[in-house]
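Chains as they are written, first to last, in my numbering: chain A, 1 to 574; chain B, 575 to 892.
A few of these clues could be false.
Said to hold, decoys possible - In silico BS3-like pairs for lysine-lysine, Cα to Cα no more than 25 Å straight-line:
1) A:Lys323 / A:Lys3
2) A:Lys81 / A:Lys226
3) A:Lys119 / A:Lys206
4) B:Lys886 / A:Lys54
5) A:Lys119 / B:Lys802
6) A:Lys437 / A:Lys462
7) A:Lys58 / A:Lys74
8) A:Lys417 / A:Lys368
9) B:Lys813 / A:Lys111
10) B:Lys578 / A:Lys119
11) A:Lys183 / A:Lys127
12) A:Lys81 / A:Lys3
13) A:Lys422 / A:Lys462
14) A:Lys81 / B:Lys802
15) A:Lys227 / A:Lys378
16) A:Lys368 / A:Lys323
17) A:Lys58 / A:Lys294
18) B:Lys802 / A:Lys111
19) A:Lys276 / A:Lys491
20) B:Lys802 / A:Lys117
21) A:Lys368 / A:Lys462
22) B:Lys704 / A:Lys119
23) A:Lys368 / A:Lys437
24) A:Lys206 / A:Lys226
25) A:Lys74 / B:Lys886
26) A:Lys437 / A:Lys422
As the list claims (entries may be wrong) - Heads up, incomplete: computed chain B residues facing chain A, CB under 10 Å, no partners named:
27) Arg700
28) Phe792
29) Leu794
No wet-lab data here; the hints were simulated from the structure. Ideal Cβ placement from N, Cα and C applies to all residues, glycine included.
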Amino acid sequence: MLKINDLKVCYGNYRILKGIDLEIRQGEVLSIVGESGTGKTTLALTLLGLCQGKVEGKVTLEDENILTLSEDEKRTLRWNKISIVFQDVARALNPLMTAGEQIMEPMLENKLYSLEKAKARVLTLLKEVGLSQGCADLYPHQLSGGEKQRVLIAMALANNPEVIILDEPTSALDAITRVEILKLLKKIAAGRTVIVVTHDLSVAAKLSQKMAVLYSGRIVELGETKKLLQNPKHPYTRGLLRSFPNMTTTKDLQGIPGRQENVLEGCTFHPRCTQKISRCEQEVPELEQQADRKIACHRGGIVTLLETRDLVKKYNRVKALDKVSIELVEGETLAVVGQSGSGKTTLAKCLMGLEDSESGEIFFNGSKLVNRKKEFYKQVQMIFQTPQECISHRLNVLDAVIEPLNIQGIGSREERKEMAKKALQEVQLAVDDSFLKRYAHYLSGGEIQRVAIARALVINPKLIIADEPTSALDASVQAKIIRLLLDIQEKRGLTMLFITHDIALARKISDRVAVMLSGRIVEEGPTCEVFSSPQHPYTRDLLRAAPELSSHYSQETKTLQYCQVLKLQERSGY
Amino acid sequence: MKKKALDYLLAFIIIISLNFLLPRLLPGDPLAAIYGEEALIAMTSELEAELIERFGLDKSLPEQFIIYLSSLLKADLGYSYYYETSVTKLILGALPWTLLLVGLGLVLSTLLGFILGLESGWNRGRWQDKGILTGLMLLNGFPDFFIGILLLLVFAVSLGIFPLSGALTPYTGLSGFALVRDILWHLSLPLAAVVLSEITASYLLTRTTVITILGEPFILTARAKGLKDTAIRYRHVGKNSLLPILTRTGIRVGRIFAGAIFIEIVFAYPGLGVLIFNSLMARDYPVLQGIFLLVAIGVLATNFIVDLLYKKIDPRVV
Ligand SMILES: Nc1ncnc2c1ncn2[C@@H]1O[C@H](COP(=O)(O)OP(=O)(O)OP(=O)(O)O)[C@@H](O)[C@H]1O
Ligand code: SF4
Ligand SMILES: [Mg+2]
Chain A
1 MLKINDLKVC
11 YGNYRILKGI
21 DLEIRQGEVL
31 SIVGESGTGK
41 TTLALTLLGL
51 CQGKVEGKVT
61 LEDENILTLS
71 EDEKRTLRWN
81 KISIVFQDVA
91 RALNPLMTAG
101 EQIMEPMLEN
111 KLYSLEKAKA
121 RVLTLLKEVG
131 LSQGCADLYP
141 HQLSGGEKQR
151 VLIAMALANN
161 PEVIILDEPT
171 SALDAITRVE
181 ILKLLKKIAA
191 GRTVIVVTHD
201 LSVAAKLSQK
211 MAVLYSGRIV
221 ELGETKKLLQ
231 NPKHPYTRGL
241 LRSFPNMTTT
251 KDLQGIPGRQ
261 ENVLEGCTFH
271 PRCTQKISRC
281 EQEVPELEQQ
291 ADRKIACHRG
301 GIVTLLETRD
311 LVKKYNRVKA
321 LDKVSIELVE
331 GETLAVVGQS
341 GSGKTTLAKC
351 LMGLEDSESG
361 EIFFNGSKLV
371 NRKKEFYKQV
381 QMIFQTPQEC
391 ISHRLNVLDA
401 VIEPLNIQGI
411 GSREERKEMA
421 KKALQEVQLA
431 VDDSFLKRYA
441 HYLSGGEIQR
451 VAIARALVIN
461 PKLIIADEPT
471 SALDASVQAK
481 IIRLLLDIQE
491 KRGLTMLFIT
501 HDIALARKIS
511 DRVAVMLSGR
521 IVEEGPTCEV
531 FSSPQHPYTR
541 DLLRAAPELS
551 SHYSQETKTL
561 QYCQVLKLQE
571 RSGY
Chain B
575 MKKKALDYLL
585 AFIIIISLNF
595 LLPRLLPGDP
605 LAAIYGEEAL
615 IAMTSELEAE
625 LIERFGLDKS
635 LPEQFIIYLS
645 SLLKADLGYS
655 YYYETSVTKL
665 ILGALPWTLL
675 LVGLGLVLST
685 LLGFILGLES
695 GWNRGRWQDK
705 GILTGLMLLN
715 GFPDFFIGIL
725 LLLVFAVSLG
735 IFPLSGALTP
745 YTGLSGFALV
755 RDILWHLSLP
765 LAAVVLSEIT
775 ASYLLTRTTV
785 ITILGEPFIL
795 TARAKGLKDT
805 AIRYRHVGKN
815 SLLPILTRTG
825 IRVGRIFAGA
835 IFIEIVFAYP
845 GLGVLIFNSL
855 MARDYPVLQG
865 IFLLVAIGVL
875 ATNFIVDLLY
885 KKIDPRVV
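All chains should be modelled from the sequences, with the hints used to inform the complete structure.
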């Protein structure tokens with residue numbers, strides 16, 4: 001068992017690790033992930049007693065504190081108990097020594113084997129890592145990147161250590177070699193204690209059972225790899241996941257705002273966090289147990305912004321909403337999909353307080369919504385499906401966009417005008433006087449919809465409830481506006497409830513999706529999961545009907561079985 | 575390596591051709607260019623005719639080149655009218671002393687510089703490093719001959735431990751071990767002067783190389799493997815640092831030879847340096863030309879040896 005207690009490292013005045021607590025049980029594979037420069041390699045080197053900075057804290061291996069060992073004791077610890085496969089594969093081998101000599105070196109240094117036996121062991125090790133025996137006599141420049149990596153792995157196994165550290169084990173490799181090396185690593189990891197240090201989430205996913213997310217020298221989230229990747233709870237973990245190109249998630253790539261800074265006070269992530277509160281800048285959050293994982297966040301991880309419980313709404317005797325429960329967390333897009341008449345717009349209207357629900361509760365920012373005040377509308381804005389209805393025809397474009405600012409009393413007159421113009425520009429509209437003075441009912445459908453979007457964005461809300469906001473736009477303008485919304489989401493944590501019947505669009509913009517049918521939510525979950533393995537037959541139909549670009553006939557002849565059943569039922573008056 | 579050998583052959587041909595062409599292309603009388611005006615003044619007309627005949631100066635250039643080559647093959651570098659003996663003989667008389675001085679100087683200064691550089695770079699920033707660095711930088715401030723003069727004054731003139739000049743004690747008829755001792759005794763001061771003036775270059779190069787190599791990832795690997803300091807220092811750092819030093823050695827031969835000329839003069843050491851000096855004074859062109867040809871070939875040969883050594887150490891070179 002390897003135990004790390006309150007480990008701190010600084011280079012000069014620059015603190016790299018700011019108090020790491022970790023426990024790695026024997027035979028466990030733990031991954032440490034985080035952006036470049038968060039101190040992953042520093043941590044790895046510290047475990048080997050090779051860190052050049054000032055080190056405080058405790059690292060215990062078999063009841064012995066590594067950090068207080070003498071230089072000689074550290075030397076015997078290295079490679080015999082802990083070995084490492086270094087990040088810089090291309091240069092980690094001595095160019096003037098053969099692979100065999102280098103693998104053999106630590107065995108002979110510790111006089112573990114006679115020369116004969118060591119030579120024999122080199123050949124066994126080479127075989128174990130999938131190299132031919134001939135490789136022993138080759139020099140590093142005669143080996144490919146993948147082969148070098150295998151030699152490094154063989155070398156790490158030489159003295160049969162209990163703990164192996166893998167620092168970015170695949171970052172230098174091409175995709176195919178990467179898969180092979182991962183397979184090899186998985187094999188050698190069995191029965192050993194392994195620490196995988198990487199910024200490649202897919203490596204962590206493949207190799208490790210447990211994952212620690214490191215940010216700016218602190219662990220911010222720690223738990224089972226699978227759970228963390230499926231459902232990240234710390235804003236930083238989610239940011240990492242969103243910026244990592246992979247074949248599993250479908251949403252467009254989004255980064256993390258700002259860049260890593262050396263934060264001295266408060267939560268290390270606060271300059272980049274979209275949900276920070278004043279406390280975040282003053283106090284360091286402790287890493288605390290929260291259900292299935294540990295999180296270091298004053299708000300307990302990503303907060304729930306909006307939640308409904310069993311919302312019911314009837315028009316006459318038709319149930320437009322039938323016990324609808326949804327949850328919308330900060331900085332996330334929830335797509336609500338379903339055919340027309342399934343109750344999507346009703347849901348939006350109930351949330352905005354434009355309709356009253358018969359029963360059920362709505363929570364906003366943790367407290368139950370009873371009546372909505374001005375403050376609520378400052379944070380929550382809606383983009384309507386038919387903007388003509390909500391923009392008074394007596395207003396010109398400029399007045400329409402300024403109106404919310406007037407209501408909320410934000411800025412001076414001049415400032416308001418500037419803000420309005422900026423919002424109009426962002427939605428790709430003109431800002432010349434003739435356009436600003438034009439009355440809403442003279443605008444084309446696409447233009448008025450964009451004015452509506454500008455109107456919603458202008459007061460910089462936290463949550464936008466958007467009802468088919470881009471359905472009247474042509475694809476190229478829609479693409480720009482979607483990009484804009486996602487950018488605002490990335491920068492400020494804009495939360496979106498995005499109602500659409502465009503499945504393909506939902507796939508690109510949402511983190512989670514809720515499928516509505518006849519006022520009920522029949523399926524809900526992470527978009528990638530729902531769309532890759534839909535459970536409800538109606539969801540399957542929706543997916544079949546989604547636009548594709550391939551010309552196979554099979555697409556057109558796909559039958560929408562469930563919808564046909566529904567139609568039959570309707571006709572028979574069910 | 576084949577290509578390398580070809581390069582050397584080409585360089586060799588160019589050197590020989592230049593040596594042949596340059597005096598003949600100079601404006602004026604080619605004989606004057608080959609022998610120097612002064613030699614000609616003292617020359618009788620029969621001798622002049624004989625020389626023109628001998629070099630084929632009345633023939634076409636290609637024919638002259640063939641004559642030149644064939645005399646080179648016979649190791650005939652011409653005749654010195656100043657010394658009144660053949661140039662080949664003169665050079666052969668001086669060459670061993672220079673080879674001894676320059677060769678040993680090159681090897682010793684490189685070796686010592688390497689050892690000190692390794693020590694210094696390994697201990698970068700600590701007292702060992704600071705001490706060696708300051709000492710050698712100070713030494714580097716003096717001109718080559720000045721070090722020679724200083725050594726001469728202190729150890730030969732004042733203390734009298736070493737001889738003032740020469741390479742041998744004349745007319746003693748020493749042989750065997752006694753002769754070797756006598757030679758070494760005479761060699762000591764000039765050699766020390768050469769080594770002292772050359773050591774800084776190889777030291778500084780080694781030191782920077784060692785510092786760069788210490789930052790290489792494979793050194794971190796070696797450390798992580800739990801190797802002892804000596805193993806890391808010599809097997810990993812040392813061997814890798816040798817490469818740039820070897821490369822530079824080939825380049826340094828020319829420079830060290832030039833430096834040795836002054837030192838030979840200071841110690842009246844009867845090598846090529848003194849010969850060059852005297853020939854320059856007497857405008858004895860054939861001797862000078864012969865020596866330059868030899869030096870050029872010497873530099874070429876050293877580089878060739880360096881290349882061979884490099885290949886032995888660095889597996890990446892094919
Ligand atoms: N010896 C050193 N002296 C001073 N600063 C250092 C030293 N080693 C690393 N650093 C700094 O410490 C920080 C963390 O470096 P580290 O190598 O641990 O990052 P990392 O998380 O492994 O990044 P990557 O993913 O790029 O490998 C960096 O800002 C780096 O510049
Ligand atoms: S909410 Fe506060 S504590 Fe939590 S991650 Fe954001 S800044 Fe850090
Ligand atoms: Mg690293």
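Hints, one by one, checked against the model:
| no. | hint | verdict |
| --- | --- | --- |
| 1 | A:Lys323 / A:Lys3 | violated, 48 Å |
| 2 | A:Lys81 / A:Lys226 | violated, 29 Å |
| 3 | A:Lys119 / A:Lys206 | violated, 33 Å |
| 4 | B:Lys886 / A:Lys54 | violated, 42 Å |
| 5 | A:Lys119 / B:Lys802 | holds, 21 Å |
| 6 | A:Lys437 / A:Lys462 | violated, 29 Å |
| 7 | A:Lys58 / A:Lys74 | holds, 14 Å |
| 8 | A:Lys417 / A:Lys368 | violated, 35 Å |
| 9 | B:Lys813 / A:Lys111 | holds, 23 Å |
| 10 | B:Lys578 / A:Lys119 | violated, 36 Å |
| 11 | A:Lys183 / A:Lys127 | holds, 15 Å |
| 12 | A:Lys81 / A:Lys3 | holds, 14 Å |
| 13 | A:Lys422 / A:Lys462 | holds, 18 Å |
| 14 | A:Lys81 / B:Lys802 | holds, 16 Å |
| 15 | A:Lys227 / A:Lys378 | violated, 35 Å |
| 16 | A:Lys368 / A:Lys323 | holds, 17 Å |
| 17 | A:Lys58 / A:Lys294 | holds, 21 Å |
| 18 | B:Lys802 / A:Lys111 | holds, 13 Å |
| 19 | A:Lys276 / A:Lys491 | holds, 13 Å |
| 20 | B:Lys802 / A:Lys117 | holds, 21 Å |
| 21 | A:Lys368 / A:Lys462 | holds, 17 Å |
| 22 | B:Lys704 / A:Lys119 | violated, 42 Å |
| 23 | A:Lys368 / A:Lys437 | violated, 41 Å |
| 24 | A:Lys206 / A:Lys226 | holds, 10 Å |
| 25 | A:Lys74 / B:Lys886 | violated, 35 Å |
| 26 | A:Lys437 / A:Lys422 | holds, 16 Å |
| 27 | Arg700 | violated, 15 Å |
| 28 | Phe792 | holds, 5 Å |
| 29 | Leu794 | holds, 7 Å |
Comparing the model with each earlier hint shows violations of hints 1, 2, 3, 4, 6, 8, 10, 15, 22, 23, 25 and 27; every other hint is respected.
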